[in-house]
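Trainee: Given the structure of chain A, go ahead and fit chain B onto it with the hints provided.
Chains A and B supply the protein sequences, listed in that same order. Everything in the first sequence is counted per the numbering used here, starting at 1 for the first residue and increasing by one. Everything in the second sequence is counted per the numbering used here, starting at 1001 for the first residue and increasing by one.
Keep in mind the hints are simulated off the structure, nothing from the lab. Bear in mind the structure is a predicted one, so any value in this text is a computation, not a measurement. Watch out, some of these pointers could steer you wrong.
[Stated by the list, open to error] As a list, the in silico DSBU-like pairs of lysine-lysine whose alpha-carbon atoms are at most 30 Å apart:
| # | chain 1 | residue 1 | chain 2 | residue 2 |
| --- | --- | --- | --- | --- |
| 1 | A | Lys93 | A | Lys68 |
| 2 | B | Lys1114 | A | Lys373 |
| 3 | B | Lys1114 | A | Lys342 |
| 4 | A | Lys115 | A | Lys85 |
| 5 | A | Lys64 | A | Lys118 |
| 6 | B | Lys1334 | B | Lys1295 |
| 7 | A | Lys353 | B | Lys1114 |
| 8 | B | Lys1454 | B | Lys1099 |
| 9 | A | Lys373 | A | Lys353 |
| 10 | B | Lys1295 | A | Lys237 |
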Amino acid sequence: MGFYTLIHWVSLALAGATLAILLVVVVRQSFRNRRTKRDALRRQSLMALALEYIEEPEFFPAFKAQLKPEDQRLLVELFAELLPKVRGDYAEKVVQLMREMGLRDRCLAQMHSHKWWKRADAAAVLGWFQDPEVITALERALDDPQVEVRLEAARALTQLKAVQSVAGLVARLAVVDATHSLGVKEIFRSLGSGAVSELLGVIESDVPEHVKILATDALGHIGDPRAVPALLKLFHKPGRSGGDTIHEHKARRGRAYSERSQPTNSSVALRLAVMQALSVLVDPRSLDAILAALEDPVWEVRAQAAHCASQLGSDAAIPRLETLLHDEHWWVRFHAAEALFKLGEAGVQSLLKAARSTSARAADIAGGLLREKGVAV
Amino acid sequence: MTLLWSIVRFLNGCVLALLLVQSVIYLWQLVVAFIELRHHRRGASRADPWWMLTSGVALPISILVPAHNEEETIVENVRSMLALHYPDFEVIVINDGSKDRTLAVLVEALGLQKIERVWHADVEHQEIRALYGSPRHPRLLVVDKVNGGKSDALNAGINLSRFPLFCAVDADSLLDHDSLLQVMRPFIEEPEEMVAVGGRICIVNGCTVRAGQVTDIALPARPLPLLQSIEYIRAFLIARLAWSRLDAMLIISGAFGLFKRSAAVKVGGYSHDTVGEDMEIVVKLHRHFRERDQKYQMRFVADSVCWTQAPETLGVLRRQRTRWQRGMMQTLAKHRLMVFNPKYGPAGTLGMGYFFLFDIIGPVVELAGLLLVPFSFYMGEVTPHFFLAWVALTFTYGVFLSASSLLLEMMVTRTTRPRDLALLAMSAVLENFGYRQLNNLWRLEGIWQFLTGKQGWGAMQRTKFRKSAGT
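Bound-form chain A, shown alone (with noise of 0.2 Å):
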């Protein structure tokens, strides 16, 4: 066959592709729209008859006799929906009749489905059936072959409170490619109180250093005063290259990322994850540790301890807030100078000093934010 009559012959095939595809898609559209249609209707009906449930127990015999074999799988889909919109008594009633209606069932032998987002889908609606069949469901789930199966699992477990060991969490989700996900930080930072303890076990013990700025975010979120030694004690330990210098740290900025994230250099971003934990916990035993990070050479961590101090509201902070108003880095001064008027009258007094001095640097973020916030200068 020549070259040309193989165009000719291709071009030929797509041209009647094309007729194909332009009637497949008008029809199969047309057809997609009455079921979304039917599916839309269906759906709002049987909303109706889930909220007179919730009304009337006793109305759950009537209800299901309206249902349909094909009914299942929109009422998962609406109760997925609802569930996360409602509290209390009115969640339990609504779990209660997924239960009734087979729905648990439905989605624990969709655990099994060869279909990734099925499975996925399934433990996502699990997680609000607190019995042992489930857990046990979803601690099998954290070992699926996809990291997104094992993070709606783990999302699951951490809303049933029935995680078993954060360390298992963690070699299950904390060294996947997925490490750096909100997704997965939002897991860690939904375990709650009880898991504390374990959490310091994990920035105590010697894990990768993106491990520890999980268990650091964490424990930051949770809030319970407990955390505070463990995280000063890091902040002042952060690892193997604890005391580096600012020229130090702008030297390695110019290296590779994949260089520069590895544990012997990335101590700023635990410091900073530290200060960001301090800043939510806010507990006066964390004052020093904040008056050392305002003198920081990393600036990121400079800014984020002004933030942490304000948070404080210490007057002892005050003097090294005024020295911040100075920094090379206006991010700096910005959060200093922030910090220094959430601090009050003493704040702002700095701040009208700062205004009217000589130093071009402070004048202008001091005498700019106190315009901003209202205050004559």
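Mentor: Quick look at chain B alone, frame taken from chain A:
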């Protein structure tokens, strides 16, 4: 004479070769886009908007809205942006020296007053005259500045923004209520490496807009916007998706793009010396991170939608297309070092190489083919086989691709009316006979304008959005 025909035959060969390569690349893009869309849809279903709204994972965003002579639509647009579903965001409208009443209508409608805000000049821009805010709308900041162009206005917005991410949105565009949540998804998955994410642009002409939201999606009634609709579907659902998957995406539409502020500041913000600032900043980001051997990612999110007004007259469309071509040429010329350069990874070899071959050389060769091949065939200088092969490559593949993009459209948009799909299908065929060639002609004009050093944007017409009955 023989020499002349030899040259013509050689040129004809070049035309056919280029069309062949282009067709193969388009087919490859189609397959890659399909794979990416399947992958994306499964992943997308995992990020429930309610979870994103309530879990605290969504990072705060500054929405930057550069506005120049937008008095017709600005108030409605700002109101629509203030009503977006997102946990933490601010809207910064930058009035770029408008000559109409853009600032006045904003002040009147939103009850704005002059305010102070401390900011730092991280990137360059023209002087800021005043800042406006309102206690009624604490998320809103209006910046009044001396005219300096869209890039300049965006730079002012970057300087005034205080959140880690900024989203550049055109003042004549509307975002779907959950667009920000959707476009944020890649940043949740990869908060450290992700530097920019682009959303999809759809044409609002023909749709019904109520309270700043598109309430009824319909195709434009006029032929020119209708043809642009299929063009946008093809561009976003095939090209943009494929390049995103291949890490070679060079354009994030200026109408809707989310950027990491610190990354944009590192590359000096938007450049003033180009009219294609949206492409230029993306190319600069690629260049910056590749030259420093730092890991980074950019993504396109197909179901995060921004609605924009498409030109309805040939004159305005021509100005837009020549400007796009000029902007692309300026970016390619400025970063010519990257073209086919493996040091810049897929962005240099695939992305820049593709733009050079098919967006600069391509229009010239395609138009030359339109003139030379039929003439040569008429004169008996090319065989009927050659002529038919050229016709096939020129038209059949184009129609096939446009039709295939409708399949992808069905994967993204679930409720398009069959009548609209039929209309789009018809446009997919018709655009290959006249519209595509006209576009190529405008591209040539853009190349000419670039070579002769023409500057400026040219006037764009703004019209009020169509409202539903009773509003």
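Trainee: Within a Cα-Cα threshold of 30 Å, do A:Lys93 and A:Lys68 meet the stated pairing?
Mentor: holds, 21 Å
Trainee: Given the hint that B:Lys1334 pairs with B:Lys1295, does the C-alpha gap stay at or below 30 Å?
Mentor: Holds: B:Lys1334 and B:Lys1295 sit about 23 Å apart, inside 30 Å.
Trainee: Going straight from one Cα to the other, do A:Lys115 and A:Lys85 come out at no more than 30 Å?
Mentor: holds, 28 Å
Trainee: For the pair we were handed, A:Lys64 and A:Lys118, check the Cα-Cα distance against 30 Å.
Mentor: holds, 25 Å
Trainee: Below or equal to 30 Å on CA atoms is what counts here, so check A:Lys373 against A:Lys353.
Mentor: holds, 16 Å
Trainee: Does B:Lys1114 pair with A:Lys373 here, judged by a C-alpha cut-off of 30 Å?
Mentor: holds, 13 Å
Trainee: Just to be careful, I want the Cα atoms of B:Lys1295 and A:Lys237 compared with a cutoff of 30 Å; is the pair within it?
Mentor: holds, 28 Å
Trainee: Would you mind confirming whether the straight-line C-alpha gap from B:Lys1454 to B:Lys1099 stays at or under 30 Å?
Mentor: OK: B:Lys1454 and B:Lys1099 at ~23 Å, within 30 Å.
Trainee: Sort out whether B:Lys1114 lies within 30 Å of A:Lys353, counting only the CA atoms.
Mentor: holds, 26 Å
Trainee: Regarding the pair B:Lys1114 and A:Lys342, is the alpha-carbon distance no greater than 30 Å?
Mentor: holds, 23 Å
Violated hints: none; the structure is consistent with every hint.
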